[in-house]
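Top to bottom, those sequences are chains A and B. Position 69 (the first sequence) corresponds to 69 in my numbering; numbering is contiguous. Start counting at 1 in the second sequence, then tack on 1000, and there's your number in my numbering.
Hints in this document: simulated from the structure, not taken from any laboratory. None of the values given here were measured: they were computed from a predicted structure. Treat the hints with caution; some may be incorrect.
[Unchecked claim] Derived coverage of chain A by chain B (criterion: at least 3 residues anywhere in the stretch with Cβ under 8 Å from a Cβ of chain B; other residues may be distant):
{"hint": "1", "segment": "15-24"}
{"hint": "2", "segment": "43-52"}
{"hint": "3", "segment": "61-74"}
{"hint": "4", "segment": "86-94"}
Beta carbons: idealized from backbone N, C-alpha and C, even for Gly.
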Amino acid sequence: MRRLKDVTRILRSKNAGPFDLTLEIFFKIEEDYLAFKKAGILTSSYVAELYSVAVNSVCVYFCDDIIAVKVVLPRNAPAGDVACTDVFGAQQHGLLLNIEF
Amino acid sequence: MNDSVIAYAACGSLGYGFPEESLQTGISIGPDFLGCDAGSIDPGPYYLATQNTTKSKNSVKRDLKLLLTAAIRNELPLIIGSAATSGKNWGVDWYYDLVKEIAEEENLKFKTALIYAEIDKSYITEKLKEGKITSLGSAPALLEKEVTDSLHIVGMMGVEPYVQALRTGAQVIIAGRSSDTSIYAAIPLMRGFAKGLVWHAAKVIECGAAVAVPKSPDSLIARIYKDHFILESPNPAKAVRCANVAAHTMYENLHPYIVYEPGGYLDTSNAIYEQIDEKRVKVSGSQFVESSKYTIKLEGAALTGYRSAFIAGTRDEGLISQIDSFTEKLRADARVKIRRILGKEENEYSLQIRLYGHSGVMGNCEKSHSKSHELGILVDVVAETQELADEMQTMVRGLALHQHFENRLCNAGNLAFPFSPLGMQLGPVYRYSVNHLVEVDDPLELFPIQIIETRG
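Construct all of the structure, not just a fragment, from the sequences and the given hints.
Structure below.
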């Protein structure tokens, strides 16, 4: 079993505009990327459940050429909103670090 | 058309700093122009709503002085976009004040173009009625009230205003809110280089040395040729990495390969990245797809209310183990007290209780429940007036300090306050009221250009 945090060189979150969040996972080697892709864990439903958003608001992109996964989802509160917990959206990736596959 | 056009990008954000040596090396290469992005929507609506920027005046002036003197002494254009973070009119004027100071200090003479990007609300409400406004990402549909409530609305200019300014003979351009890439795409496009390559190169270099290692604020150079471009760092200690360039299109973007610009989109899905030597990356195959419509991105900020807050810690095991029920009771009692004493209902104010060491960063999404020996508690109220917010915060604070919980031993007080006064007035709070696209007929219609002969 591998954990995402051990097989990735970048695993981050950031705003894509004030209303959306993007999660990006860059693998160190292709073998791990392909295994993760095959494991089928990171689906829209999984992300929707994890981040409490509607499943049809999530986009998951597996980018074979750069062995990376990109996820886009709405922020739970827009950047700078009264309920915002993270203006830059840069610390919302923690839930992915220990995913095992 | 020349064989190549060379762009020098000072850094990812004016004021971050870049090594002077990088600029010297960059100049020695013989670039065609110098550029720097100076703004972003990232730091939140505060900067668009107020006369503030995320960088200190001295940091900005340092960078600007180096670039301006290098540009004028070497007869190169200097292009700065999204002045002073928000790119509103005040920002353009503030930057121009710095430019004039520098011109005076260094005895420089040049032609400046100021390009403004603030948009009249009446223009936007008109466009709204015409059905020419669409949402970006997950922003809600635009309501007229959000437009009229906005304090400032800016449009992100494309290349056309830059091209117009350059054609008028401007050597230095200080522009308001701008597509980051337009800053760098203008001159190469004017010189007839392929759109796909130009927009892609611009997209990478607008973040400065982000694709180079080791990572620190620094410059980047793009040499654009007929059918490819090459990225390199002017800093001999740095190398541009293929993987980083390939990954860069993703950054802060809603799609891994597609980047929307005012007149179409850049598609990097067929781009080819080659590490041609230790330090340089070659890119080819990028495409630009033109759109039949020309759309400008709009950003607007409105006032939500005024904030008052307190921050305190707890180091009591009993309280920490019951923090969820404690917080629930606190909210309920606060609701009742605020209603009774101030006559305000829940929908008339916002009360946020952030527990650092528990769920401060992820809020309700947090899944970890590991117990900490200590918690940081940040409570803030946002209400219609500062006075109301302060009153509410004081009430919540009093309740929080003395609220009983089961088997409580520390009955002298639940909280460790770091400061006296206990609470903080945090002033006005803003929100993004506009984050939409407007369809325009003329790429220049929203961006007035002022040409000035600047003399030191």
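Status of the hints after comparison with the structure:
no., hint, result
1, 15-24, "holds (count 8)"
2, 43-52, "holds (count 3)"
3, 61-74, "holds (count 8)"
4, 86-94, "holds (count 6)"
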